[in-house]
Amino acid sequence: EDQVTQSPEALRLQEGESSSLNCSYTVSGLRGLFWYRQDPGKGPEFLFTLYSAGEEKEKERLKATLTKKESFLHITAPKPEDSATYLCAVTPAGFQKLVFGTGTRLLVSP
Amino acid sequence: EAQVTQNPRYLITVTGKKLTVTCSQNMNHEYMSWYRQDPGLGLRQIYYSMNVEVTDKGDVPEGYKVSRKEKRNFPLILESPSPNQTSLYFCASSKRQGAIETQYFGPGTRLLVL
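These protein sequence lines map, in sequence, to chains A and B. Note that the numbering used here gives residue 380 to position 110 of the first sequence, counting from 1, and the numbers run on in steps of one. Note that the numbering used here gives residue 110 to position 114 of the second sequence, counting from 1, and the numbers run on in steps of one.
Bound-form chain A, shown alone (with noise of 0.2 Å):
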């Protein structure tokens, strides 16, 4: 069965603390690997897309690796503004659906 799994569930961060969130998926035959961000009272609003092993994104103070088994979320120096739920979501071959994990809630303090 198809699986995704994020962690932490939540995780707290001084501003300017940098830290990784992960996600870790079992799936037949990895098409793609997407990471969204979502705000409160919002839809999913998309971050990254990732392909193959080894495949890095950046964007701002985000950047996303891959490698076969999973995936990290690294925050740099974080700002309140960055304070958000990250999920990640995968494609299997095949398959016309995205399987998403239950997310990491992230707070980011001044």
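Errors might be hidden in some of the hints.
Stated by the list, open to error - On the chain A side, residues computed to face chain B include the following (Cβ under 10 Å):
{"no.": "1", "residue": "Q276"}
{"no.": "2", "residue": "G302"}
{"no.": "3", "residue": "Y306"}
{"no.": "4", "residue": "Q308"}
{"no.": "5", "residue": "G313"}
{"no.": "6", "residue": "E315"}
{"no.": "7", "residue": "T319"}
{"no.": "8", "residue": "A354"}
{"no.": "9", "residue": "L357"}
{"no.": "10", "residue": "L368"}
{"no.": "11", "residue": "G371"}
{"no.": "12", "residue": "T372"}
{"no.": "13", "residue": "G373"}
Unchecked claim - Below are the DSSO-like pairs computed for lysine-lysine, each with C-alpha atoms no more than 27 Å apart in a straight line:
{"no.": "14", "chain 1": "A", "residue 1": "K312", "chain 2": "B", "residue 2": "K61"}
{"no.": "15", "chain 1": "B", "residue 1": "K67", "chain 2": "A", "residue 2": "K312"}
{"no.": "16", "chain 1": "B", "residue 1": "K13", "chain 2": "B", "residue 2": "K53"}
Because the hints were derived from the structure by calculation, they are not lab data. Note that beta-carbon positions come from the ideal geometry of N, C-alpha and C, so glycine has one too.
Dock chain B against the given chain A, drawing on the hints supplied.
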């Protein structure tokens, strides 16, 4: 502005009263999908559509119907809602067939079934 819109945003109804949640996208996307989001369970796919008149079940289709008569619209129908369908619903779309493409999400519809 490129966007996915959903209506209504909030809905309170009673068990058994048929309802429709509309979804529309203005990006000429082929692929559209419905998800529900529940605490501790994450987002789960209900139905998806690869193009006009082409729909298929996702992981949790029981109690839901969909139709895709026009490319831009993908309504979600609850013929006889029950309390276990109380949830936050999201519509999403992507340019081409398949969830390999980046999906763009609507703002969500919060449904309470009494």
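These are the hints, each one checked on the structure:
Annotation: A/Q276 was flagged as interfacial toward chain B, and the flag holds, the nearest CB pair being 9 Å apart, inside 10 Å. Of the supplied interface hints, the one on A/G302 holds, with its beta-carbon coming within about 5 Å of a beta-carbon of chain B, less than 10 Å. Proximity of A/Y306 to chain B holds as hinted, the smallest CB-CB distance being about 8 Å (cut-off 10 Å). Of the supplied interface hints, the one on A/Q308 holds, with its beta-carbon coming within about 9 Å of a beta-carbon of chain B, less than 10 Å.
Because the smallest distance between the Cβ of A/G313 and any Cβ of chain B comes to about 3 Å, under 10 Å, the interface hint for this residue holds. For A/E315, the shortest C-beta to C-beta distance to chain B is roughly 7 Å, which falls under 10 Å, so the interface hint holds. Among the interface hints, the one on A/T319 holds; its C-beta lies about 6 Å from the nearest C-beta in chain B, closer than the 10 Å criterion. Contact between A/A354 and chain B, as hinted, is not supported at the beta carbon level, the nearest pair being about 14 Å apart and thus beyond 10 Å.
Among the interface hints, the one on A/L357 holds; its C-beta lies about 7 Å from the nearest C-beta in chain B, closer than the 10 Å criterion. Hint on A/L368 holds. Least Cβ distance to chain B is approximately 5 Å, under the 10 Å limit. Because the beta carbon of A/G371 sits about 6 Å from the nearest beta carbon in chain B, less than 10 Å, this interface hint is met. The beta carbon of A/T372 is positioned within 10 Å of a beta carbon in chain B (closest approach about 4 Å), and the interface hint is therefore held.
Look at A/G373: its Cβ gets to within about 7 Å of chain B, closer than 10 Å, so that hint holds up. Between the alpha carbons of A/K312 and B/K61 the distance comes to roughly 24 Å, so the proposed pair stays at or under 27 Å and holds. Annotation: proposed proximity of B/K67 to A/K312 holds, straight-line Cα distance about 24 Å (limit 27 Å). A distance of roughly 23 Å separates the Cα atoms of B/K13 and B/K53; the hinted pair therefore holds under the 27 Å criterion.
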